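Peer 1: Below, each chain spelled out in residue letters.
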Amino acid sequence: MSTTPPNLPVVSKIKKDTILGMISKSTRVDGRKLSDIRSIEIKTDIIPNANGSAHVKLGRSQVIVGVKAEIGSPYPDTPNEGVLIVNAEFVPLASPTFEPGPPDERAIELARVIDRSLRELKAIELDKLAIIPGKRVWTVFVDIYVIDHDGNLVDASSLGTIAALKTAKIPKAKVEGDDRIELSDSEYMNIPLRSITLTATIAKIDEYLVADPVLEEEAVADTLIIFSLDSEGRITGIQKSGNGYLSSDDVRKALEMAKTMTKIYMSKLP
Amino acid sequence: MSTTPPNLPVVSKIKKDTILGMISKSTRVDGRKLSDIRSIEIKTDIIPNANGSAHVKLGRSQVIVGVKAEIGSPYPDTPNEGVLIVNAEFVPLASPTFEPGPPDERAIELARVIDRSLRELKAIELDKLAIIPGKRVWTVFVDIYVIDHDGNLVDASSLGTIAALKTAKIPKAKVEGDDRIELSDSEYMNIPLRSITLTATIAKIDEYLVADPVLEEEAVADTLIIFSLDSEGRITGIQKSGNGYLSSDDVRKALEMAKTMTKIYMSKLP
Amino acid sequence: MSTTPPNLPVVSKIKKDTILGMISKSTRVDGRKLSDIRSIEIKTDIIPNANGSAHVKLGRSQVIVGVKAEIGSPYPDTPNEGVLIVNAEFVPLASPTFEPGPPDERAIELARVIDRSLRELKAIELDKLAIIPGKRVWTVFVDIYVIDHDGNLVDASSLGTIAALKTAKIPKAKVEGDDRIELSDSEYMNIPLRSITLTATIAKIDEYLVADPVLEEEAVADTLIIFSLDSEGRITGIQKSGNGYLSSDDVRKALEMAKTMTKIYMSKLP
Amino acid sequence: MSKGSDIKLIDENGRRIDGRSVDEVRPIKIEVGVLKNANGSAIVEIGKTKVLAAVYGPRDPGIRTILLPNRATIRCRYHMAPFSTHERKSPAPSRREIELSKVIREAIEPSVIAEAFPRTTIDIFIEILNADGGTRTAGVTAASLALADAGIPLRDLVAGIAVGKVQDTLVLDINESEDMYGQADMPMAAMPSIGAITLLQLNGVLTEEEFMKALDLGWKGVKTVYEAQKEALRKRYVELKNIEVI
Amino acid sequence: MSKGSDIKLIDENGRRIDGRSVDEVRPIKIEVGVLKNANGSAIVEIGKTKVLAAVYGPRDPGIRTILLPNRATIRCRYHMAPFSTHERKSPAPSRREIELSKVIREAIEPSVIAEAFPRTTIDIFIEILNADGGTRTAGVTAASLALADAGIPLRDLVAGIAVGKVQDTLVLDINESEDMYGQADMPMAAMPSIGAITLLQLNGVLTEEEFMKALDLGWKGVKTVYEAQKEALRKRYVELKNIEVI
Amino acid sequence: MSKGSDIKLIDENGRRIDGRSVDEVRPIKIEVGVLKNANGSAIVEIGKTKVLAAVYGPRDPGIRTILLPNRATIRCRYHMAPFSTHERKSPAPSRREIELSKVIREAIEPSVIAEAFPRTTIDIFIEILNADGGTRTAGVTAASLALADAGIPLRDLVAGIAVGKVQDTLVLDINESEDMYGQADMPMAAMPSIGAITLLQLNGVLTEEEFMKALDLGWKGVKTVYEAQKEALRKRYVELKNIEVI
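From first to last, the protein sequence lines stand for chains A, B, C, D, E and F. Residues 1 to 270, numbered by our numbering, are exactly what the first sequence covers, in order. Residues 1001 to 1270, numbered by our numbering, are exactly what the second sequence covers, in order. Residues 2001 to 2270, numbered by our numbering, are exactly what the third sequence covers, in order. Residues 3001 to 3246, numbered by our numbering, are exactly what the fourth sequence covers, in order. Residues 4001 to 4246, numbered by our numbering, are exactly what the fifth sequence covers, in order. Residues 5001 to 5246, numbered by our numbering, are exactly what the sixth sequence covers, in order.
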């Protein structure tokens, strides 16, 4: 069952008033303007055993994304396509509120939001990941590992996912007689990315919209709204996430902010 | 572990005395006589996506049963027979004592009691559900969904199961070359029912036996005894269910009541 | 998560002082000397449905081990070898501290310690358990069932495992045309044991080392050290198990004790 | 599942596969107060989609750790009956059901005056009995009615509907075929009387312009559902009054 | 598994596959007090069926929510060892084991004077070590002895046995082959001194007349087991007294 | 997996597959204090093995039953990231991870002055980011640093390393290939300043003589790792002092 979360880390009434007081004067707890995003640092190829990997620092939030490609069977309804699986783990070292165990609703929502934006856009050309059509295909696992939580995990994960996918290398597969698959140990291919899409998360706090919220802001926010936008500015996914509500006007303004944000995010990609 | 249930909804000593006082004068909380069953309402074909379905109201107890047939593999020890799977869910909207999660012992017991009566009687001609003997057969899922609990869920479920099975329609399957199976979208077959069996539940309260108990009666009952009887009056299953005990004489009297009850139940089937 | 265990059964400070006081005078709660092991009783062939079985009493600790052989598929990386699976259940009837449910860390550690000693030594000639190499092999399940816990479950389980393996009988398998496997109902083979290895458990209590500790001693011990030794005296496994530590000198002395212990254990095998 | 295919979903007369016009909501049937044990309940049918919702609470859940000192804790489960889908669904909760339970809870949260019941839970159980598209929004619609039936004070009812894009055309209240073969699915729920959007998702690709239009179309649908909700409550209220009179 | 087959289970002399007559119980071997840690324990062998039961309690389980103010809570687990069956059984509890844990607890409940120990649990653990038919009734028999061994006050011992129907004949105490290839299996348990049936199930088909006879046959078997139980306790009591004397 | 194979792991010049001599530890890279939320953290790289550890505590875990009246309860989880291994690892904890969580907790326990924090937990989370042999010992090394970084009082740092046997030769700090194709793997961890071995396992076969040598070689490696730990803490301490000054 989904359960109203206790506000953790508990933000007292006073804290909320402080945050709101600052926002109403167009500034924020960390000095940013309402539409500013935090500093971004992306390192790739940090996991030798992965085909692709990225370590993203979005302010003090940290996410590691590993991409692994394994040979498997296609889904029966898409026999000639590779398989994409996006999984997120909120491991307990990232936050006092994360528990060991299977992904909770927050991790599942994050993984599904990122999965949907890639899938709906057909960002990955899955048909190029078939090795023996109908029988053997590449299964691409995107594993998102949140290791430090200071807010806006979705955008950090989205950046990490695209960075890891863009830099991943898969050994070339040659099909021998008898459907035996030989993997090259010298020749590699990229994961065929047709297009790129990134999320942009905006928090609604009282009557204000703020870009890329930190954890303290998320704790007092009414709700988050997440847009996925592709490089051509098309909307590839939306998720309202949080207890509160938005007006149609809020939604329109948030979309404007998201467009600016994703442009900056795009520029930080490897 | 199976654990002594707290008496829920808690029936106070006073309530128990009231119920017993009435029963000792041959009447019951809802005005019925000791051997009377409640009103029965059965609607079928209420779930378009199911092959068969029934909504049963037994007094204020409500159960939905959905029957779905899917093509699958036979069990290795019965390669030429279809497969029957009976499952019951006590979903939490039916009672404050039902919790989300995998079926608890009550739901498992109910499903197994109904499953056994069908299976032992060979009520369904499973051999007629083979499509390619040894390879592909119909798997018939009977999903019992309890949605409102006012006592005697077993009889309500038993009625729903038979009603849904009797009215289910399965597309005709044609085997093409190469063991490809084509399902007709115009011709249908019934699930081959050789025989019909229904349960009859009797509660022992103090020295009295009452038919088709309501929840309040179950809460004060010593035990329930459930008989499955087929249309020829043969006993196809028995389950003593509850903390108390019965004398041999109780058992014999309960069987007499069960015979009358199942006759009425039979008459209500579609 | 692995969690500091509460000392159960709680051994009070006084109890600890008593145990230590005795040990410092070279005697123990049950009268043994520091390097003595308890009485050992081993009965085999006690489970008709198992291929091999043993009931071990090590003092008042009791373990039943059942060996079952079933035909299955080999692991992909060892296509021409049988499969060995060692599992341990600490069933709740053995101790007030055992809970129903999947094996906890203690049961998993025990099973893995025994598994490793057998596997590393290649004690079982797994290649002789292939029936149709690459396709069908014997899977040997060793199920360790702890039924009464009075300390040193590892050695009791190790004795039971070897006793059950030594006395197990597997029907001879004949491969007919078409890769059909026929099992003989008159001819049997033994499980091919190339070598034998047994564990010896020593507890470090304060500055003392004691062999084959009882539960009360385990409760006050700093740590256990477990050696697996084969019949030639080679070390086939080590496990330090417990919160405390050992000096290099402790380790060397414990190994000396272990050598003596396993010799006695070996002499008790069927 | 990926969207977009060449099945003809809108004909030359602008009619959809079930005969509706592009901005037409399927027939809605609502019944409130259908269960005895639950404090509130409702069954919502929209086309062939059929959803049952029940509310228990405010109550003491037995688990202290989830209680909040200043408000009720809302718990919500979206669950599909095994027989509700084309292929039998395993009763174990899928990742999709876990996400939707959260999304639906967050769609309902802003409507509930939870401060009235500190240290209690309000439990919402949604069972999809038959799935033909729009189950999450029908779930929100039914849950909101069950809350009202349970006498929980609400800021407004929450009504839900999905907007879709099929054959490059925006359509209201998509059914399963339109979802499966269409280009986008945008579920939405709102409290109409205060213009508050409480659920908004997009599964698919829309241009900015399409999105603005979809938002307007969504509001149109939400208001249609909202009227049906109010009518059902009115009917229920009359029923209850009649019963009292007798 | 469906019953009924053409394997010959009773020969022309009325002898069953293991040589017994139709109303003969298999050899029974009982030992009480076999475990050190448990408060009470017993091992029951009936033919090749071998069952170990242990009782812990009355005790404080650490979980407050399951305690009852006016009586002890009884908890019961029926579990099969992985090596107890022909094909290795996974140690995870099956649906069958969950049902039988309930059925056995309910067979034991009426015999325990639970009111003597409010706010405690009495925990019964049954392990099937070797399964050759009649494991649930042997489990009841062993559990009742373990309770007595633990000093829990009982109204009477509960003794269990299964009646079967094979080749259209009622037989007492069926073994696994008779169960598998027979026509019906009717496990039963009772407190003989007060004529109280505490477990009754039927898996198979019986006419009313057959059922009446089966009930009588069941009582005969129950009484045989009951005598064996009392003898085992007597032996154990003597043992304990001897120990005390020494 | 069974060991022993004919892959050449040491060449004629006594060099190992990665060019090291038999008693050479791989390059070690340590960073302390890498996470914002955790009370303490450290990342340890030894060769291609890369491990992140974090400590939360002493804290109140919400669960009363695990608290101890006279000391802190230590909880420890060793977990492999799905991308850390050659074949993707399922995130669900394996039996191996459960055992290693215990072994690592027991390696850390004797170093923590747990009596200072009764009725609290100290939680240690170890994530293997890239696995190339020696992950459990690198985990101990990182966990000990994270504890120090969290300000938990320690008797000494615990440093870990694995000794292996390949081609009948004892080698220090084996990597994954040496583990897989070698003959033995003996992980070890210790508090060097008091000569206390806190972790010792052997997976493989050694003669008594080899074992004695392996123990000595292990101590050599432990001390190398210990120096690297101290250097990393010194660096961190300087950093913090600099920050404070600013």
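Any given hint could be a false lead.
Straight line, CA to CA, 20 Å or less: simulated SDA-like cross-link-like pairs of lysine to any residue [said to hold, decoys possible]: (1) K122/A / I3007/D; (2) K3089/D / F1141/B; (3) K4089/E / R2252/C; (4) K3036/D / I1085/B; (5) K1166/B / I1085/B; (6) K3089/D / D77/A.
Just so you have them, the derived chain F footprint on chain A, three or more residues with Cβ under 8 Å [claimed, not checked]: (7) 63 to 71; (8) 114 to 124; (9) 178 to 189; (10) 237 to 248.
So, partial list: chain F residues that the calculated Cβ filter (under 10 Å) puts toward chain A [what the hints assert, rightly or not]: (11) N5037; (12) F5083; (13) T5085; (14) A5092; (15) Y5237; (16) E5239.
Because the hints were derived from the structure by calculation, they are not lab data. For clarity, every value in this text was computed on a predicted model and none was experimentally measured. Note that beta-carbon positions come from the ideal geometry of N, C-alpha and C, so glycine has one too.
Peer 1: Hint A5092/F vs chain A: min CB-CB distance below 10 Å?
Peer 2: Hint holds; A5092/F Cβ to chain A Cβ min 7 Å, cut 10 Å.
Peer 1: Please verify whether K122/A and I3007/D have alpha carbons no more than 20 Å apart.
Peer 2: Since the Cα atoms of K122/A and I3007/D sit roughly 19 Å apart, the hinted pair holds (cutoff 20 Å).
Peer 1: Under the criterion of a CB-CB separation shorter than 10 Å, is F5083/F in contact with chain A as hinted?
Peer 2: 2 Å, holds
Peer 1: Check the hint pairing K3089/D with D77/A against an upper bound of 20 Å on the C-alpha distance.
Peer 2: Within the cut-off at roughly 17 Å; holds.
Peer 1: Closer than 10 Å between Cβ atoms is the bar; does N5037/F clear it against chain A? Give me holds or violated.
Peer 2: 5 Å, holds
Peer 1: Given the proposed pairing of K3089/D with F1141/B, does the C-alpha separation stay at or below 20 Å?
Peer 2: The hint holds at about 11 Å.
Peer 1: Measuring from the C-beta of E5239/F to each C-beta in chain A, is the shortest one below 10 Å?
Peer 2: 16 Å, violated
Peer 1: Below or equal to 20 Å on CA atoms is what counts here, so check K3036/D against I1085/B.
Peer 2: Measuring from Cα to Cα gives roughly 29 Å; hence the hint is violated.
Peer 1: Have a go at the T5085/F hint: is there a Cβ in chain A nearer than 10 Å to its own Cβ?
Peer 2: 6 Å, holds
Peer 1: Please check whether the segment 63 to 71 of chain A has three or more residues whose CB lies within less than 8 Å of a CB on chain F.
Peer 2: holds (count 5)
Peer 1: Report holds or violated for the interface hint on Y5237/F, using the least CB-CB distance to chain A and a cut-off of 10 Å.
Peer 2: 21 Å, violated
Peer 1: According to a criterion of three or more residues whose C-beta lies within less than 8 Å of a C-beta of chain F, is the segment 114 to 124 of chain A covered?
Peer 2: violated (count 0)
Comparing the model with each earlier hint shows violations of hints 3, 4, 8, 9, 10, 15, 16; every other hint is respected.
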